[in-house]
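2 protein chains.
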Amino acid sequence: MTSPGHKKSVPLDKVRRYLEPGPIVLVSSALEDRRNIMTMGWHSIMAFSPSLLGCVISAGNHSFEMVRQSGECVINLPTTDLTDQTIGIGNTSGGNIDKFEHFGLTADASEAVAAPQIRECYANFECRLVDDRLVDEYNFFIWEVVRARAATSPEYPQTLHYTGDGVFMVAGEVISRRDQFLPQML
Amino acid sequence: MTSPGHKKSVPLDKVRRYLEPGPIVLVSSALEDRRNIMTMGWHSIMAFSPSLLGCVISAGNHSFEMVRQSGECVINLPTTDLTDQTIGIGNTSGGNIDKFEHFGLTADASEAVAAPQIRECYANFECRLVDDRLVDEYNFFIWEVVRARAATSPEYPQTLHYTGDGVFMVAGEVISRRDQFLPQML
Chain A
1 MTSPGHKKSV PLDKVRRYLE PGPIVLVSSA LEDRRNIMTM GWHSIMAFSP
51 SLLGCVISAG NHSFEMVRQS GECVINLPTT DLTDQTIGIG NTSGGNIDKF
101 EHFGLTADAS EAVAAPQIRE CYANFECRLV DDRLVDEYNF FIWEVVRARA
151 ATSPEYPQTL HYTGDGVFMV AGEVISRRDQ FLPQML
Chain B
1 MTSPGHKKSV PLDKVRRYLE PGPIVLVSSA LEDRRNIMTM GWHSIMAFSP
51 SLLGCVISAG NHSFEMVRQS GECVINLPTT DLTDQTIGIG NTSGGNIDKF
101 EHFGLTADAS EAVAAPQIRE CYANFECRLV DDRLVDEYNF FIWEVVRARA
151 ATSPEYPQTL HYTGDGVFMV AGEVISRRDQ FLPQML
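Here the protein sequences come in this chain order: A and B. 1 is the number of the first residue of the first sequence in full-length UniProt numbering; add one for each residue after it. 1 is the number of the first residue of the second sequence in full-length UniProt numbering; add one for each residue after it.
This is chain A alone, in the form it adopts within the complex (with noise of 0.2 Å):
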């Protein structure tokens, strides 16, 4: 598996360009000595500054408790290189393997958290846990991203976009129609 090649420190309210679209991401997490990788699909931006992002990440996963307790995980964005890791990473439990190995997958330090970030994918978004008052009733966290980090070649890169029934659309193609926005919306 290849890594994508150098990647640059990301403007912290400029998170949307990469999440915003709706890719599935991979949420890495760590807790004493145990780290975990899982599938997510349910996020959304919710703020630039700070840069805020809420996601469902549902009690069943092993990775809720670890995500809650430690009050950290890091987004990672992975491209269709990276389809066969993704869906496993979803198929399995972290219970019972430990997915950097069982993947193939880097695990790197991170800046900010103790949570790692995996090498292979195309960004990565380092966040900690600011609201957890709905985690409750709906297992839906609000995170601050505060070190992003993003590939620079592609420029746009193929990513996953989940349906479910094992099916993902793919985003890659992109139109530009800057001229068409007011200056104060771009």
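These aren't lab readings, by the way, just hints derived from the structure by calculation. Everything numeric in this text was worked out from a predicted model, so none of it was measured. Among these hints, one or two may not hold up.
Any copy will do: because identical chains look the same in the list, a pair fits if it lies in one copy or spans two.
[As the list claims (entries may be wrong)] With a straight-line Cα cutoff of 20 Å, these simulated EDC-like cross-link-like pairs (lysine to aspartate or glutamate) come out:
1) 8 x 33
2) 8 x 98
3) 7 x 155
4) 8 x 165
5) 14 x 165
6) 8 x 155
7) 7 x 108
8) 14 x 111
9) 14 x 144
10) 8 x 131
11) 14 x 98
12) 8 x 84
13) 14 x 155
14) 14 x 65
With chain A's structure known, arrange chain B on it following the hints.
Chain B only, in chain A's frame:
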């Protein structure tokens, strides 16, 4: 502008099929004798059953008080055929124009809510507000989808996924990996 052909009713626990991939959507609303449409990209599925969707509708939008006071909206799914209208709707204010008239869109009556739905969109999700406790702090609304309809052809339409800066990713190509999923994960 052509409208999608026949629409069928969608089981409410299958709404994720259309919205989990993260498309930009059009939110239609009504309050007293006013109606409006806004473009919205910050949303997440939150539960299968009841069918819950969370989204950010900024207090700066003309639609904000309309959806909050009426407690209703329709989430409409545009395809790339409606790219110009989708951008136009996001760059104008309902305080100045009737967006249905201005953009040549047809306001069909909804079944369960007073908010009209957009005939030219591929799918329409009628929503009732079920939780507004995060509205004051995050402009985050939690909706229950109470009626869902979608066109039957094409099976996977081309949808728009916004990155900011006037640039959309287009999803439409599909990959099916059903055989790699555990039965209980489908």
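task: Would you list, in rising numerical order, the hints stated earlier that this structure does not obey?
output: Failing hints, ascending: 1, 2, 10, 11, 12 and 14.
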